[in-house]
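**Q** Chains as they are written, first to last, in my numbering: chain R, 1 to 232; chain H, 1 to 232; chain X, 1 to 232; chain E, 1 to 232; chain U, 1 to 232; chain Z, 1 to 232.
In case anyone wonders, no lab produced these hints; they're calculated from the structure. A couple of the hints might just be wrong.
Chain copies aren't distinguished; within one or between two, either way the pair holds.
In silico BS3-like cross-links for lysine-lysine, where the CA-CA straight-line distance does not exceed 30 Å [stated by the list, open to error]:
{"id": "1", "residue 1": "226", "residue 2": "191"}
{"id": "2", "residue 1": "177", "residue 2": "140"}
{"id": "3", "residue 1": "177", "residue 2": "9"}
{"id": "4", "residue 1": "9", "residue 2": "191"}
{"id": "5", "residue 1": "191", "residue 2": "177"}
{"id": "6", "residue 1": "21", "residue 2": "226"}
{"id": "7", "residue 1": "21", "residue 2": "102"}
{"id": "8", "residue 1": "140", "residue 2": "226"}
{"id": "9", "residue 1": "21", "residue 2": "177"}
{"id": "10", "residue 1": "177", "residue 2": "226"}
{"id": "11", "residue 1": "21", "residue 2": "191"}
{"id": "12", "residue 1": "140", "residue 2": "9"}
Only a predicted model underlies this, so the values are computations on that prediction, with no experimental measurement involved.
Number of protein chains: 6
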Amino acid sequence: MGVVVTNIKRADRDAADALAKYGVATVHEAQGRVGLMHQRMRPIYHGPAISGTAVTCTLPPGDNWMIHVAVEQCQPGDILVAATISESHSGYFGELLGTALKARGVRGLILDAGCRDIDELEELGFPVWSRSISAHGTVKETIGDVNVPVSCGDALVNPGDVIVADTDGVVVVPRMKAAEVLAASQARIEKEEQSRARYQAGELGLDVNNMRGRLAEMGLVYMDQKDWEAQQ
Amino acid sequence: MGVVVTNIKRADRDAADALAKYGVATVHEAQGRVGLMHQRMRPIYHGPAISGTAVTCTLPPGDNWMIHVAVEQCQPGDILVAATISESHSGYFGELLGTALKARGVRGLILDAGCRDIDELEELGFPVWSRSISAHGTVKETIGDVNVPVSCGDALVNPGDVIVADTDGVVVVPRMKAAEVLAASQARIEKEEQSRARYQAGELGLDVNNMRGRLAEMGLVYMDQKDWEAQQ
Amino acid sequence: MGVVVTNIKRADRDAADALAKYGVATVHEAQGRVGLMHQRMRPIYHGPAISGTAVTCTLPPGDNWMIHVAVEQCQPGDILVAATISESHSGYFGELLGTALKARGVRGLILDAGCRDIDELEELGFPVWSRSISAHGTVKETIGDVNVPVSCGDALVNPGDVIVADTDGVVVVPRMKAAEVLAASQARIEKEEQSRARYQAGELGLDVNNMRGRLAEMGLVYMDQKDWEAQQ
Amino acid sequence: MGVVVTNIKRADRDAADALAKYGVATVHEAQGRVGLMHQRMRPIYHGPAISGTAVTCTLPPGDNWMIHVAVEQCQPGDILVAATISESHSGYFGELLGTALKARGVRGLILDAGCRDIDELEELGFPVWSRSISAHGTVKETIGDVNVPVSCGDALVNPGDVIVADTDGVVVVPRMKAAEVLAASQARIEKEEQSRARYQAGELGLDVNNMRGRLAEMGLVYMDQKDWEAQQ
Amino acid sequence: MGVVVTNIKRADRDAADALAKYGVATVHEAQGRVGLMHQRMRPIYHGPAISGTAVTCTLPPGDNWMIHVAVEQCQPGDILVAATISESHSGYFGELLGTALKARGVRGLILDAGCRDIDELEELGFPVWSRSISAHGTVKETIGDVNVPVSCGDALVNPGDVIVADTDGVVVVPRMKAAEVLAASQARIEKEEQSRARYQAGELGLDVNNMRGRLAEMGLVYMDQKDWEAQQ
Amino acid sequence: MGVVVTNIKRADRDAADALAKYGVATVHEAQGRVGLMHQRMRPIYHGPAISGTAVTCTLPPGDNWMIHVAVEQCQPGDILVAATISESHSGYFGELLGTALKARGVRGLILDAGCRDIDELEELGFPVWSRSISAHGTVKETIGDVNVPVSCGDALVNPGDVIVADTDGVVVVPRMKAAEVLAASQARIEKEEQSRARYQAGELGLDVNNMRGRLAEMGLVYMDQKDWEAQQ
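Extracted from the complex, chain R is given alone in its bound form:
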């Protein structure tokens, strides 16, 4: 009733590593606005920005046994993605498991449930993006799966996909698209740099993006407040 898939294919290492610096918002745009997890997935402490390859697992309600199983499947550069199969806010993860994952070179955890030991995990430097913060412990009675496709944070994650996570949230890049998305991210950054300079100089988005004509076509009208009030 439970399977651990081994020897998974992982995304290109260089691309997986390089995506962190572009950040979630840029990567999400660069791959066509897909793959973003739900906004409920928030960092448990301020600051971290990571990317890496996904090892996945599923968690029965109130049961964190499969995290222990998943640790063994992790390699340096991985990010563990732990999905629940029923909404739960117990604290499935704390500082001891953080120590174990960090010792294997894992960069962080994406957990669609509760997390505890927040201060200790910050001190340890092991970042977690979770649905909630709760000290409520879990049992080890029921098994699940490791390295199968999962739905985590309302997003589909396949083992070996790239995960990018920062203050803006968490985004999933399909394994085979990492290099392509990396290139698109770089292109987007360069284009934004040009826009930024124009905005800093006081230009309007209406002009930078040449929007006035289309707005008029769609029927946008400008009206002095006195005239507007008179017609209400």
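Here the structure of chain R is known, so what remains is to put chains H, X, E, U and Z in place on it, guided by the hints.
**A** Below, chains H, X, E, U and Z without anything else, positioned relative to chain R:
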């Protein structure tokens, strides 16, 4: 189908500027406990406290086009108030638009939707109060209105009203009442200073506010725990 | 219609004081995973970790009068636990009441409602765990009870119980169990220290906890990704 | 500190009455997809569909006094719109007030808070759209306003506007636009009737709406499942 | 680690039985507006209205074992009150357990978690008030308590208390107050009957409750809409 | 940027059709408690219970264009599964699209967003399970995918999987497991029938399931209420 109201009347500049230092809680009390936005409106980073005059706009679901239109209507000292017309958590606003607004002297954004580029906006020093944090981008396909009355954060905002925002939330002061509310805020602060000194000295609110008589009238009784337990 | 129970029995002072350093997650585990408040109870600012004895009160909707009454019943080392009797997000508590409680040696407030004056309370150094943050003031028209058993944050609190609160949340330790839970917390910390050392050395939880046999019994199988994909 | 605005202008009676039969979804489309209240506003019992002219009032937290004041301002054909100024779930309204409103010919209540006496109100035949259902009573201690513009259900309502409410929710039609929206609703219904006949006959929306060309332009491709799987 | 308290004292049977017909809203008012559960507790199907004496139990996350233990402690006329100790939405209860409880003469279940087999329970005629509806099954691995005081639906319930539940929600009447609350409920109904007659005759609450003087004292003013608009 | 996968493999038709009568709770148990969608997915009207094969599509925020594209890929016996890629509550689906799907023999819609025309869809007899009810219309500007794996209602759905939906919620059965789950569902029903007879006869779950020994081993103790109270 869309209107941009121009040349709006704004609240008195000095009063609008001065209200920031009193803070949301005091201003809200001073104007009779009305005009507070819903508690879902939270600052995206810790620290800012601002006040200014409102420029308003409405946003169709998943569409941030009208923010570009609204930028042009902003003046130094304004705060942009962006209302959605259907609950949405996409990221309607990021660092590029923050750069554009800051270049015009706008002090911040009140956004009843999602915001992204949190770290970049903090670095830029452009504060936002929003409903959620999300990297999900928006399109530019549908128009709305600028500088009409809006419902934002469950509060009614007219263009030109004063907005005060800090860690406690966001409050709206009607345009014509800014000076009156400023005076009432100052009076309240002075009165609280007196109470604070008495509390620091160990006096009880029961005595500072002369509450004991009315409590007794309402039937409040004191009972030793032993007696209370005996009657359960 | 309202009662203030006086001369309440409090938990052992030394045990109540000592529990803070073990933290919510450890104490909660040590007492058998009961007594944790709901995860909606969050600290209003980052950092504090406290423990102390509970003084309780109930609050009618939008009415904070009983907090004033409860202040008088507090002693140094207490923590005030304020329960609402209907979901409410108004701001029942601010800096003036914080000043009054601090002057009496109270260590913090657990408030199943809204709190305001967040920045001022942080500056004052008076920590609050609350359901929400809201500047909306409350009235003083209706009475409730002080030092009766209450349901706060979905947990049952009796006056005199120990409250432990930190970044992970809030846990309640029954008055008569404080010493027992303290000893169990210490034992747990020592056991975790041993596990931590093994995890830091790279050992797996599967081995540290001797889990492999039972997992196999429950039917967990390992399968190469190629084989797994072939059978889908 | 409170005002009751009297002798309000109301929308055209015939238009206000006629809009009920078109329903919320059609009216909302017909006026350009604005004015819809938040989806939290739900009917307390199944079935009713009404339209009428708005009398508005504001409610302090946990206080329903202003509903009594508002009753007197109501005329036959009105719908009372009661907005709260801070999120609250107490039961501000029950069967006695329903009896009073029904006796004045009021058609229903839109209440951004809790409602009680659900079964009694259904038996009475007085429909309510509310945020929640709660038996928790309210006090009569603080005043608010009647017939001022309000933010209710995240929508802006001016006194005299038309309210349309049914199983799909609640929509607000500005007072001066009632006749125009009525005509647009009728036009929309007629157009939909034509589409419906084609759909019933098995035609596809792709063809009825002539969408295939634009989809291809945007890059939509069709691919046999075998080919798609091979490229993953 | 778990206790089943036996031979509990129960509220007066006649009073416990009689309260159903007064309903939740009236009973809640009659006992001074305390004891109401949170509005998240909703009936799983339309119609039932019950009262009875509480048997309580606590449920670990995702574990319904203690419901089986609690069944044995139930007598005819009881209502089972099942509290979770951490927010959970699994389906702890279904038709088989409903059959078991009904066979013992239990009148219903109050469950601060998820319920399943909704249609089957309606057909069986066994009413449940729950936090959510979910088919997700639970395990039987961890024990809790039966017939201890619990926090359920944000309310404190002692074993033997009276539970009243209907479409408006769920209210708890302390064991020793059942007869007193019954009398007060009857008195309230009689008083409401008089008010109802006056409302039906078209009288206003302002007059029935003699409110006009106090409203004027508090500063409520009446103003023609033209005058009000002129001063904005 | 968008792909429509054609000629998808579907689950065995007989098994897909037969699962409806077992219902969501039984099917979910029979396949090992996996595949259940989140409890937010609720039927828009009371009563329907269906099963069928999944056609999937993804929906950009506030944009329902891909539903029109997906209709063409549907066959009799299918159920359309529409996933959003960012939380949205607009009304993506109404009676016209329901007419189109029904004309193709589609049995229902699973929609992780808002639905409108509730009464019309009930009259038409086209069932929908949705996240919310909202009249807010959507645009047709952005494309997505059809018949790719999706995350809908927090569950992973592959095209061709079996969907079972009723009052208890929605469960997904992997395409290749339909026959196996069907057999397990039948076995479970037969086993439950035996338990039901024993429960109806008044036997306790403690005995039917032989639980007493294990409960005692885990430390469950029975104690008279007088003794329990004495030790508090």
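**Q** If you check each hint against the structure, which ones fail?
**A** Those not satisfied are hints 1, 4 and 6.
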